[in-house]
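Chains C and E are the protein sequences, given in the same order.
Counting from 1, position 110 in the first sequence corresponds to residue 110 in my numbering; the numbering is continuous, with no gaps.
Counting from 1, position 25 in the second sequence corresponds to residue 25 in my numbering; the numbering is continuous, with no gaps.
Simulated from the structure, these hints should not be mistaken for laboratory data.
Careful, some of the hints might be misleading.
[What the hints assert, rightly or not] Computed far set for chain C versus chain E, every beta-carbon distance over 10 Å:
{"hint": "1", "residue": "Val-20"}
{"hint": "2", "residue": "Arg-101"}
{"hint": "3", "residue": "Leu-155"}
[Stated by the list, open to error] With beta-carbon atoms standing in for the labels, derived distance ranges:
{"hint": "4", "chain 1": "C", "residue 1": "Tyr-81", "chain 2": "E", "residue 2": "Lys-87", "range": "31 to 37 Å"}
{"hint": "5", "chain 1": "C", "residue 1": "Ile-75", "chain 2": "E", "residue 2": "Ala-61", "range": "32 to 38 Å"}
{"hint": "6", "chain 1": "C", "residue 1": "Ala-206", "chain 2": "E", "residue 2": "Leu-10", "range": "48 to 54 Å"}
{"hint": "7", "chain 1": "E", "residue 1": "Arg-94", "chain 2": "C", "residue 2": "Arg-219", "range": "54 to 60 Å"}
{"hint": "8", "chain 1": "E", "residue 1": "Gly-62", "chain 2": "C", "residue 2": "Ala-154", "range": "42 to 48 Å"}
{"hint": "9", "chain 1": "E", "residue 1": "Thr-90", "chain 2": "C", "residue 2": "Leu-123", "range": "56 to 62 Å"}
We put the beta carbon where it would ideally sit given N, CA and C, even for glycine.
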Amino acid sequence: MVSTSDSDLANDRLRELESVTSAYARYSRSAGGLASVLGGMFCVASYLCGALLPLTVPVRAVLIAFPIVWILAKIGLTRHYYQRFGRVEESETAAERWTYRACLATSVFVAVAITIVVVNQALSRQAMPAPGVIGYLAFVVALPVATWLWLHSALDFIVGVFLFCQAAFACGGRAYPGLDIMHLTQWAPMSWLALTYPLLALALIASGFAQHRQFQSLRARLEALRGSTLAAS
Amino acid sequence: MNNDEKLTGLLNLDRLVHEPARLLMLSVLAQAKQVEFTYLETLSGLSKGNLSSHMSKLEAAGLIEVTKSFRGKRPLTELRITPAGRKALTDYRRQLSSAMQA
């Protein structure tokens with residue numbers, strides 16, 4: 001017959017497996033780890049480049065590359081580092097699901113609205129839009145797709161919005177303005193709005209580092225459990 | 001509860017869920033939306049064949065859903081617990097806990 005101590009031991013082991021799986025699953029969606037750190041750093045760099053540097057072709061190319069490199073790094077880190085033991089998809093909470101759907105709906109709404117305006121302008125001029133405008137539109141349309149597939153947390157979404165919008169602006173030869181503290185009378189709401197993105201990016205960097213440290217201890221727990229689970233039971 | 005009732009309680013446990021490998025699989029699957037076969041293989045330390053056999057039994061009982069596809073040229077097997085699987089796991093835990101409390 002099963003003794004109480006055997007049963008407790010088996011239950012403890014199962015609880016540990018459940019806890020490890022639940023923590024590991026977070027790295028499929030809501031926890032980015034080093035990808036969040038990279039996204040935050042790209043956001044700050046993109047803001048500073050756009051605000052301080054003249055928009056030469058190399059600077060514009062860097063601004064355009066930031067969101068693409070970030071998404072590729074996010075995919076690579078998730079698949080080959082954080083979920084190296086096999087993909088475990090997180091079951092999101094109701095609040096996380098609501099936030100994600102709200103972000104997705106916002107990005108779809110903005111993309112559709114901008115596309116209608118640009119297409120309408122092109123039709124009224126009866127001419128193809130300039131290559132810069134097509135590039136702008138490509139990033140605007142790519143944002144909901146990126147949100148759907150890769151931007152699952154609110155901070156990821158905010159930083160993603162900035163990187164994609166900055167890249168879209170860079171295609172058209174513009175960038176978010178820096179904060180002009182010398183001319184406060186000519187207060188530009190856009191420059192204040194743009195400043196909030198790098199500030200939020202700092203929060204993403206901090207949470208990314210924390211998630212990465214948590215993953216390192218999780219990996220140690222997984223390595224300890226690896227293969228010994230059923231042998232010990 | 002006397003020893004006979006305790007014994008009856010233990011004998012009435014769902015045998016399909018009570019087996020250690022299947023209990024592990026259901027407990028792990030209950031924590032996620034979908035789990036790749038490789039993860040279960042890593043965590044359990046069981047061979048592919050052994051794990052596959054337990055997977056088939058759980059799938060036949062309707063406790064899990066199995067999706068097979070390819071990632072590039074590599075076969076990819078993903079498992080997901082069904083509502084019936086969650087219920088079976090909850091019921092099993094309740095039965096075990098009441099039998100062990102005696």
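key: Least C-beta distance between Leu-155/C and chain E, which was stated to exceed 10 Å   = The claim holds: Leu-155/C sits with its nearest Cβ about 21 Å from chain E, beyond 10 Å.
key: Non-interface claim for Val-20/C versus chain E (Cβ beyond 10 Å)   = violated (8 Å)
key: Consistency of the no-contact label for Arg-101/C, given chain E and a CB cut of 10 Å   = holds (16 Å)
message = I want to verify a distance hint. Is the separation of the beta carbons of Ala-206/C and Leu-10/E within 48 to 54 Å?
response = holds (50 Å)
task = Determine whether the Cβ-Cβ distance between Gly-62/E and Ala-154/C falls within the hinted range of 42 to 48 Å.
result = Given about 37 Å between the Cβ atoms, the range is violated.
query = That 54 to 60 Å hint for Arg-94/E and Arg-219/C (C-beta), does it hold up?
reply = violated (34 Å)
ask   = Would you say the C-beta atoms of Ile-75/C and Ala-61/E sit inside 32 to 38 Å of each other?
value = The hinted range 32 to 38 Å holds for Ile-75/C and Ala-61/E, with Cβ atoms some 36 Å apart.
inquiry  = Given a hint of 56 to 62 Å, does the C-beta separation of Thr-90/E and Leu-123/C actually sit inside it?
reply    = holds (59 Å)
ask   = Falls inside 31 to 37 Å, the C-beta gap from Tyr-81/C to Lys-87/E?
value = For Tyr-81/C and Lys-87/E the Cβ distance comes to about 36 Å; the hint holds.
Consistency note: the structure conflicts with the earlier hints numbered 1, 7, 8.
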